[in-house]
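Q: Protein chains in written order, with this note's numbering: chain C, 1 to 219; chain H, 220 to 499.
For the record, the hints were derived by calculation from the structure and aren't laboratory data. Please read these numbers as outputs of a predicted model, since none were measured by experiment. Just so you know, even glycine gets a beta-carbon here, dropped at the ideal spot from N, CA and C. Hints may be right or wrong, so weigh each one.
Ranges of calculated distance between the beta carbons of each label pair, as one might list FRET restraints [as the list claims (entries may be wrong)]:
1) C:16 <-> H:237: 24 to 30 Å
2) C:53 <-> H:287: 36 to 42 Å
3) H:316 <-> C:215: 48 to 54 Å
4) H:373 <-> C:214: 23 to 29 Å
5) C:214 <-> H:357: 52 to 58 Å
6) C:9 <-> H:240: 30 to 36 Å
7) H:479 <-> C:138: 29 to 35 Å
8) C:67 <-> H:359: 42 to 48 Å
9) C:67 <-> H:439: 49 to 55 Å
Example chain H residues on the side facing chain C (calculated, C-beta under 8 Å, incomplete) [to be verified]:
10) 275
11) 278
12) 437
13) 444
14) 454
15) 455
16) 482
17) 484
18) 485
19) 495
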Amino acid sequence: MPVHHTFHNELEKLNQKLLTMVAMVEDRVRKAVTVIETHDEELVKSIIRSDYQIDDMEVEIEEDCLKIMALHQPVASDLRFLITVIKVNNEIERIGDMAVNIAKRVDVISQSTSVMKGAFDYSEMSEHVITMLKMSLDALVHRDAAMARQIFLIEDKVNTLRNQAYDAVVKMLSLYPEHPGCMINNYLLARHLERIADRATNIAEEVIYLVEGEIVRLR
Amino acid sequence: MSGKEEILSEVTTKALHKERETVGSPFVENPRMTCREVNVYYGDKKAINNVNIDIARNEVIAMIGPSGCGKSTFLRCLNRMNDTIEGCRVTGDLRLDGMDIHDKNVDVVPLRARVGMVFQKPNPFPKSIFDNVAYGPKIHGLAQNKAELDEIVERSLKKAGLWDEVKDRLTQPGTGLSGGQQQRLCIARAIAVSPEVILMDEPCSALDPIATARIEELIAELRQHYSIVIVTHSMQQAARVSQRTAYFHLGDLIEVGMTDRVFTNPRHQLTEDYITGRFG
Numbered sequence: 001m002p003v004h005h006t007f008h009n010e011l012e013k014l015n016q017k018l019l020t021m022v023a024m025v026e027d028r029v030r031k032a033v034t035v036i037e038t039h040d041e042e043l044v045k046s047i048i049r050s051d052y053q054i055d056d057m058e059v060e061i062e063e064d065c066l067k068i069m070a071l072h073q074p075v076a077s078d079l080r081f082l083i084t085v086i087k088v089n090n091e092i093e094r095i096g097d098m099a100v101n102i103a104k105r106v107d108v109i110s111q112s113t114s115v116m117k118g119a120f121d122y123s124e125m126s127e128h129v130i131t132m133l134k135m136s137l138d139a140l141v142h143r144d145a146a147m148a149r150q151i152f153l154i155e156d157k158v159n160t161l162r163n164q165a166y167d168a169v170v171k172m173l174s175l176y177p178e179h180p181g182c183m184i185n186n187y188l189l190a191r192h193l194e195r196i197a198d199r200a201t202n203i204a205e206e207v208i209y210l211v212e213g214e215i216v217r218l219r
Numbered sequence: 220m221s222g223k224e225e226i227l228s229e230v231t232t233k234a235l236h237k238e239r240e241t242v243g244s245p246f247v248e249n250p251r252m253t254c255r256e257v258n259v260y261y262g263d264k265k266a267i268n269n270v271n272i273d274i275a276r277n278e279v280i281a282m283i284g285p286s287g288c289g290k291s292t293f294l295r296c297l298n299r300m301n302d303t304i305e306g307c308r309v310t311g312d313l314r315l316d317g318m319d320i321h322d323k324n325v326d327v328v329p330l331r332a333r334v335g336m337v338f339q340k341p342n343p344f345p346k347s348i349f350d351n352v353a354y355g356p357k358i359h360g361l362a363q364n365k366a367e368l369d370e371i372v373e374r375s376l377k378k379a380g381l382w383d384e385v386k387d388r389l390t391q392p393g394t395g396l397s398g399g400q401q402q403r404l405c406i407a408r409a410i411a412v413s414p415e416v417i418l419m420d421e422p423c424s425a426l427d428p429i430a431t432a433r434i435e436e437l438i439a440e441l442r443q444h445y446s447i448v449i450v451t452h453s454m455q456q457a458a459r460v461s462q463r464t465a466y467f468h469l470g471d472l473i474e475v476g477m478t479d480r481v482f483t484n485p486r487h488q489l490t491e492d493y494i495t496g497r498f499g
């Protein structure tokens, strides 16, 4: 029987909150990559409008972490868990912001009068980013360091696709120079997707720390 | 091999130890004390099971573990305090600077001067503050005259961080001091006979947080001159004051390691369970 019931209940409640937030953010990112394809106006608005929920939750989770640290002074795996939550919480919130940014870029592109709205097919890059995010979050949920390590490999593919997007946008800009804003927003989609991949990698690094107690930095 | 390949090639080996042999780093270079295959019996009951550990010079090593794990019993082996307990038998090899402390030629009185002890409850003699500190140097013949004795008393009280508080009332009884002051008086008493090792058996458990903080500061200063072995039930205290931590469980020494490592990433499942409160 655990002897610190209150403390361990607090940790479990915190874990549940983090998982709720994780699910919310994963849903936002899936919607964001959908609107890159569909330009669905209602979905774009709903992504932008609902961001406050994630922001509020981030603050709540951070407050919980600080309270638990002050009151219970955790050590060993409990300490590593709290440190991981504090850092992952921040990464998740920023991923939520990236989903909003994608929605805003799509909104600008949709309203453009350019005949060439799509400079690059983002479906493959989106798929890789979603896979990385899902793997990092699954690794976090299951505390699976081996899965976390696999994420590092996919990141290379995402970076390659971002470079291809850049080349495609530069080419389109020379072909359709009358709508540079539309093209720049097209490239920003690649940047936002890449940043989500970076943050998924950061989460994977934190999972390795949580499980193994070793600080790993890929870059 | 690229950075990514290196990270990927690492095998996930974070399976915590579950066997009962000691994990971590129980041995040090140039130790002050060595303990090998130490067993302690109370009658037929084995209280300490084959413990191997070194005590380093100028280190504070904390011994932690649940009640009845044997940490205080082991502490008392280090200056043969268990000799005073009827039915208690100690086997194994315990050495102080290479000297076998169980050798038949070893007199426990000078041994206990070299390996001093501070107890859970402050226990000043019913004598003056001065005499409490002067008693040891007198019986060990450390002072040739009154001036030398005065100097030892003053130096010891200064090292124990008590001098400024008592210098004007050295003739008053030691028992009249506050709990924290009494404990520092006991530390001064141990220091006065020039020990090499100071054993502390829960020295702050009867003290309030302020008095505890003063003792902990004092422990950090005393480390410059002595080896300190502290038994504590407070894991925060172990984390604050020690460089190494040893975890005992049912008479076994389970894990020894650098304190920061033990409290962030213990190697043994039992250590992890105990320090995170999941044990029991």
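Q: Determine for every hint whether it applies to the structure shown.
A: Each hint tested on the structure:
A hinted range of 24 to 30 Å for the beta carbons of residue 16 of chain C and residue 237 of chain H is consistent with their spacing of about 29 Å. Between residue 53 of chain C and residue 287 of chain H, the C-beta spacing of about 51 Å breaks the proposed range 36 to 42 Å. For the hinted restraint 48 to 54 Å between residue 316 of chain H and residue 215 of chain C, the CB-CB distance of approximately 39 Å leaves it violated. Taking the beta carbon of each, residue 373 of chain H and residue 214 of chain C are about 50 Å apart, not inside 23 to 29 Å as hinted.
Distance hint check for residue 214 of chain C and residue 357 of chain H: the Cβ-Cβ separation is about 55 Å, which falls inside the suggested range of 52 to 58 Å. For residue 9 of chain C and residue 240 of chain H, the hinted distance range of 30 to 36 Å is satisfied, since their beta carbons lie about 34 Å from each other. For residue 479 of chain H and residue 138 of chain C, the hinted distance range of 29 to 35 Å is satisfied, since their beta carbons lie about 31 Å from each other. At roughly 53 Å, the beta carbons of residue 67 of chain C and residue 359 of chain H sit outside the given window of 42 to 48 Å.
Roughly 30 Å separates the CB atoms of residue 67 of chain C and residue 439 of chain H, a value that falls outside the hinted 49 to 55 Å. Taking 8 Å as the C-beta contact cut-off toward chain C, the hint placing residue 275 of chain H at the interface is violated, the least distance being around 23 Å. Interface hint at residue 278 of chain H: violated, since its Cβ lies 20 Å from the closest Cβ of chain C, which is beyond the 8 Å cut-off. Contact between residue 437 of chain H and chain C, as hinted, is not supported at the beta carbon level, the nearest pair being about 22 Å apart and thus beyond 8 Å.
Using the Cβ-Cβ criterion of 8 Å, the hint placing residue 444 of chain H at the interface with chain C is not satisfied: the shortest such distance is roughly 30 Å. Interface restraint check for residue 454 of chain H: the shortest CB-CB distance to chain C comes to about 7 Å, inside 8 Å, so the restraint holds. Taken as an interface hint, residue 455 of chain H checks out: its beta carbon lies about 6 Å from the nearest beta carbon of chain C, inside 8 Å. At about 5 Å, the closest approach between the beta carbon of residue 482 of chain H and any beta carbon in chain C falls short of 8 Å, and the interface hint on this residue holds.
The beta carbon of residue 484 of chain H is positioned within 8 Å of a beta carbon in chain C (closest approach about 3 Å), and the interface hint is therefore held. At a threshold of 8 Å, the smallest CB-CB gap from residue 485 of chain H to chain C is about 5 Å, leaving the interface hint in force. Annotation: interface hint on residue 495 of chain H holds; nearest CB of chain C at approximately 5 Å, less than 8 Å.
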